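Produce the entire structure from the sequences given, and follow the hints as far as they go.
There are 2 protein chains.
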Amino acid sequence: MQHYNFETSKAFMNLFSIEPSQAGSLDNLTFAVKDNIDVAGYKTSYGSKAWFDANPPAVSHAICVEQLLNAGARCIGKTITDELTYSLAGENYFYGTPINPKVPERIPGGSSSGSASAVACGLVDFAIGTDCAGSTRVPASFCGILGMRPTAFRISESGILPFSPSVSTVGILANEITVLEKVMRVLLCSSHKLAAPVKHIYLLEDAFAIADEEINKALQEKIAQLRDRQDITVSSITLSEIVGEDISLYSCNEEALRVVQSTEIWNALGSWITAFNPEMDPQIRRVLEDVKNIDRSKLNDALYTCERIYTKVSQFTKTGDLFCFPTVPILPLLKGELENIEKGKDFYRRAMAITSFAGAARLPEISIPVTNVRNIPIGLSLAAGHGQDEFLLASVRQLFDGWK
Amino acid sequence: MQHYNFETSKAFMNLFSIEPSQAGSLDNLTFAVKDNIDVAGYKTSYGSKAWFDANPPAVSHAICVEQLLNAGARCIGKTITDELTYSLAGENYFYGTPINPKVPERIPGGSSSGSASAVACGLVDFAIGTDCAGSTRVPASFCGILGMRPTAFRISESGILPFSPSVSTVGILANEITVLEKVMRVLLCSSHKLAAPVKHIYLLEDAFAIADEEINKALQEKIAQLRDRQDITVSSITLSEIVGEDISLYSCNEEALRVVQSTEIWNALGSWITAFNPEMDPQIRRVLEDVKNIDRSKLNDALYTCERIYTKVSQFTKTGDLFCFPTVPILPLLKGELENIEKGKDFYRRAMAITSFAGAARLPEISIPVTNVRNIPIGLSLAAGHGQDEFLLASVRQLFDGWK
Chain A
13 MQHYNFETSK
23 AFMNLFSIEP
33 SQAGSLDNLT
43 FAVKDNIDVA
53 GYKTSYGSKA
63 WFDANPPAVS
73 HAICVEQLLN
83 AGARCIGKTI
93 TDELTYSLAG
103 ENYFYGTPIN
113 PKVPERIPGG
123 SSSGSASAVA
133 CGLVDFAIGT
143 DCAGSTRVPA
153 SFCGILGMRP
163 TAFRISESGI
173 LPFSPSVSTV
183 GILANEITVL
193 EKVMRVLLCS
203 SHKLAAPVKH
213 IYLLEDAFAI
223 ADEEINKALQ
233 EKIAQLRDRQ
243 DITVSSITLS
253 EIVGEDISLY
263 SCNEEALRVV
273 QSTEIWNALG
283 SWITAFNPEM
293 DPQIRRVLED
303 VKNIDRSKLN
313 DALYTCERIY
323 TKVSQFTKTG
333 DLFCFPTVPI
343 LPLLKGELEN
353 IEKGKDFYRR
363 AMAITSFAGA
373 ARLPEISIPV
383 TNVRNIPIGL
393 SLAAGHGQDE
403 FLLASVRQLF
413 DGWK
Chain B
13 MQHYNFETSK
23 AFMNLFSIEP
33 SQAGSLDNLT
43 FAVKDNIDVA
53 GYKTSYGSKA
63 WFDANPPAVS
73 HAICVEQLLN
83 AGARCIGKTI
93 TDELTYSLAG
103 ENYFYGTPIN
113 PKVPERIPGG
123 SSSGSASAVA
133 CGLVDFAIGT
143 DCAGSTRVPA
153 SFCGILGMRP
163 TAFRISESGI
173 LPFSPSVSTV
183 GILANEITVL
193 EKVMRVLLCS
203 SHKLAAPVKH
213 IYLLEDAFAI
223 ADEEINKALQ
233 EKIAQLRDRQ
243 DITVSSITLS
253 EIVGEDISLY
263 SCNEEALRVV
273 QSTEIWNALG
283 SWITAFNPEM
293 DPQIRRVLED
303 VKNIDRSKLN
313 DALYTCERIY
323 TKVSQFTKTG
333 DLFCFPTVPI
343 LPLLKGELEN
353 IEKGKDFYRR
363 AMAITSFAGA
373 ARLPEISIPV
383 TNVRNIPIGL
393 SLAAGHGQDE
403 FLLASVRQLF
413 DGWK
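Residue numbers (my numbering), protein chains in the order written: chain A, 13 to 416; chain B, 13 to 416.
Be aware that one or more of the hints could be misleading.
Among chain B residues calculated to face chain A with C-beta under 10 angstroms, some are [said to hold, decoys possible]:
| # | residue |
| --- | --- |
| 1 | Ser72 |
| 2 | Arg166 |
| 3 | Ile277 |
| 4 | Ile285 |
| 5 | Leu311 |
| 6 | Arg361 |
Here are some chain A residues the structure puts well away from chain B; computed CB gaps all over 12 angstroms [said to hold, decoys possible]:
| # | residue |
| --- | --- |
| 7 | Thr42 |
| 8 | Glu78 |
| 9 | Glu225 |
| 10 | Glu233 |
| 11 | Gly332 |
| 12 | Gln410 |
In case anyone wonders, no lab produced these hints; they're calculated from the structure. Since the structure is predicted, the reported quantities are computational estimates derived from the model, not experimental observations. Glycine included, every Cβ here is placed at the ideal spot set by N, Cα and C.
Structure (structure tokens):
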């Protein structure tokens with residue numbers, strides 16, 4: 013892997029050094045912050061030049077930033093985000109495309125593109141991102157690093173620009189599971205109880221069915237290693253079997269979570285876009301038209317479906333259970349490839365079907381860089397029951413240490 | 013009670029009629045919306061003239077408004093909120109003081125002042141408010157109506173101006189428990205399972221100890237009726253006994269929840285206030301200085317304490333359990349009385365100690381207008397376990413029908 017520095021990584025909006033306010037469990041660790049999250053003294057761009065120009069600098073740190081500084085970590089910069097965080101690609105019209113150091117001709121994934129790039133380039137120990145429909149998980153998978161979306165609502169969203177409050181979470185990107193675990197314990201205010209061992213891994217069949225053949229083939233080799241273990245049961249399951257009704261991952265996304273997200277995103281952005289007609293990437297403007305035109309009379313059904321999926325998955329999940337599936341169903345695309353509208357539609361339709369599982373069921377999920385195809389990284393995801401973030405982190409350590 | 017109309021109630025910012033988008037369980041019900049919540053086509057003032065002037069109109073309804081219109085309810089106006097929702101009083105410097113129809117010389121309570129007034133005056137079937145440190149519960153108690161703060165995060169905050177995302181909730185005010193229950197079932201996406209009967213009522217001793225003698229005396233008569241029931245156990249308990257460590261309600265507020273709220277509120281408002289120096293009520297400006305100057309190095313300890321209280325209260329609470337306490341420890345004050353700084357401090361210190369219980373433990377709470385002192389309304393609160401909103405609503409019906 014070629015070496016990239018702070019400049020050549022193209023990951024950063026600003027570089028600075030904010031010292032920890034206290035010593036703590038994160039002493040000597042450095043981190044970067046996605047630029048939809050407030051750092052005192054800096055403008056928060058939201059990945060949009062127009063937004064940057066229209067808004068004053070932040071006077072205080074977002075809660076998650078404050079927590080990390082209070083625990084001993086040092087903040088060294090802000091990282092590029094996709095425009096208005098509305099993309100999974102990582103190609104920003106105004107601020108460029110952060111490097112994916114393992115495959116520089118390919119996209120880093122987004123919208124936490126700069127955070128993933130900074131970690132993958134080894135420029136920080138960890139970085140904060142956010143995740144609504146995969147904005148931490150997808151760039152983690154594409155850049156070959158760890159990325160965690162925690163249980164919804166466990167980490168404060170205060171000081172983060174509102175996007176989809178029912179679905180969005182803070183996310184963390186890191187190279188080392190020990191770092192990810194330390195950081196998450198601070199953000200989640202974890203107590204020190206021991207986590208249970210992994211007992212049962214459910215392979216989410218629908219997700220494997222959506223993924224490309226070469227991805228499944230590479231992942232199956234890793235899954236075979238799990239099947240060999242005496243202490244863990246590995247079996248396949250479908251979303252319909254978990255929820256007890258006929259439902260596909262595509263429906264989970266398109267008829268439920270996606271409707272909620274779209275309605276909320278237009279609530280967050282619509283008034284500003286309508287009143288000020290800001291300069292935007294024409295591609296982002298086009299896809300935001302879908303959000304604007306979503307049929308809001310379908311909102312109640314969508315919310316009921318999400319609530320039902322959450323409840324049923326919660327009832328299904330026992331202590332020691334994990335779900336396992338490919339994080340993204342296709343390899344990271346070549347830069348510029350998503351300008352092809354059909355290719356973009358296919359990518360988003362399939363990727364968001366898979367990311368909607370943890371989204372609708374409100375599960376914590378970690379993408380783990382377990383393997384690659386032709387030296388292109390592939391992430392495997394583990395998800396645990398709602399609120400079982402500490403168990404999930406411990407299980408990645410339990411299972412992942414052996415794989416590396 | 014004197015009759016007040018839409019004008020003389022002084023409860024409304026705007027009057028209009030937005031028809032339901034579909035028929036549903038809320039057919040023929042009318043509602044009003046607190047003016048920190050978006051209604052398409054109208055500016056959202058946040059109770060501040062400066063905010064109103066600085067921001068464009070909303071282009072879409074907040075999620076909670078959309079849910080109600082999709083379920084058959086008709087929206088008839090927006091109601092006055094305290095400035096930046098930062099008050100429990102209900103006296104707005106720019107937009108006036110909505111009438112408390114049962115005691116017109118006294119304050120209605122805030123910050124959902126107009127929503128409480130509109131319901132108490134009988135001008136709508138229900139109204140939407142919000143609640144962070146009591147902004148739905150306090151005006152419900154003062155105006156002698158029902159007010160519910162649901163479990164944190166169960167209702168989307170999308171389309172509501174950000175305040176304290178970890179703590180704030182949508183709240184509902186109503187005169188009739190059947191209306192409150194119908195509305196909440198829509199907003200919470202409740203399924204139709206039957207709720208358990210009430211088994212045990214824990215009287216929260218610390219809260220009664222904070223309340224004025226005349227309030228406790230009036231409430232004890234009502235509680236005596238509960239003690240007479242054969243099917244329910246009534247006993248006293250302290251926060252320390254529930255949580256298993258030495259902690260007062262004052263500490264729960266001042267060292268934990270209040271620190272989180274203050275930090276988050278400055279994240280929400282600080283940049284705007286600092287950059288634009290907007291015109292503000294001098295009293296609100298003064299109290300916001302405390303929020304600005306909060307010691308943010310204490311945030312992590314405060315978050316850990318909140319998390320511990322939430323976890324311990326969750327572990328303590330069994331099926332059929334309720335907590336019971338006075339909603340507000342003092343009678344609604346006379347208009348203008350809070351200009352006395354010492355009186356204000358005493359009111360907020362005691363009121364917020366009690367409201368911090370459901371806030372930190374993330375419990376649903378309903379204030380019920382069970383009695384009065386010298387014709388001044390007093391609310392009694394019931395709180396249920398985290399996520400047990402449907403049980404709480406059913407128990408109010410079970411216990412409250414007999415009292416009325």
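Tested hints:
1. Checking Ser72/B against chain A: minimum C-beta separation of about 5 angstroms stays under 10 angstroms; hint holds.
2. Interface restraint check: Arg166/B against chain A, minimum CB-CB distance 9 angstroms, threshold 10 angstroms, status holds.
3. This hint holds: Ile277/B has a C-beta 9 angstroms from the nearest C-beta of chain A, less than the 10 angstroms allowed.
4. At its closest, the beta carbon of Ile285/B sits 8 angstroms from a beta carbon of chain A; the interface hint therefore holds under the 10 angstroms criterion.
5. Interface hint status for Leu311/B: upheld, as the beta-carbon distance to the closest one in chain A is roughly 5 angstroms, under 10 angstroms.
6. Because the smallest distance between the Cβ of Arg361/B and any Cβ of chain A comes to about 24 angstroms, over 10 angstroms, the interface hint for this residue is violated.
7. The non-interface label for Thr42/A is consistent with chain B: the shortest C-beta to C-beta separation is roughly 19 angstroms, beyond 12 angstroms.
8. Listed as outside the interface, Glu78/A is inconsistent with that label: its C-beta sits roughly 5 angstroms from the nearest C-beta of chain B, within the 12 angstroms cut-off.
9. Glu225/A, annotated as away from the interface, keeps every beta carbon of chain B farther than 12 angstroms; the closest lies near 38 angstroms.
10. The claim that Glu233/A is not at the interface with chain B holds, since no C-beta of that chain comes within 12 angstroms of its own (minimum 40 angstroms).
11. Remark: the non-interface label on Gly332/A is consistent with the geometry, its nearest Cβ contact in chain B lying 20 angstroms away (cut-off 12 angstroms).
12. For Gln410/A, the shortest C-beta to C-beta distance to chain B comes to about 24 angstroms, beyond the 12 angstroms cut-off, and the non-interface label holds.
Comparing the model with each earlier hint shows violations of hints 6 and 8; every other hint is respected.
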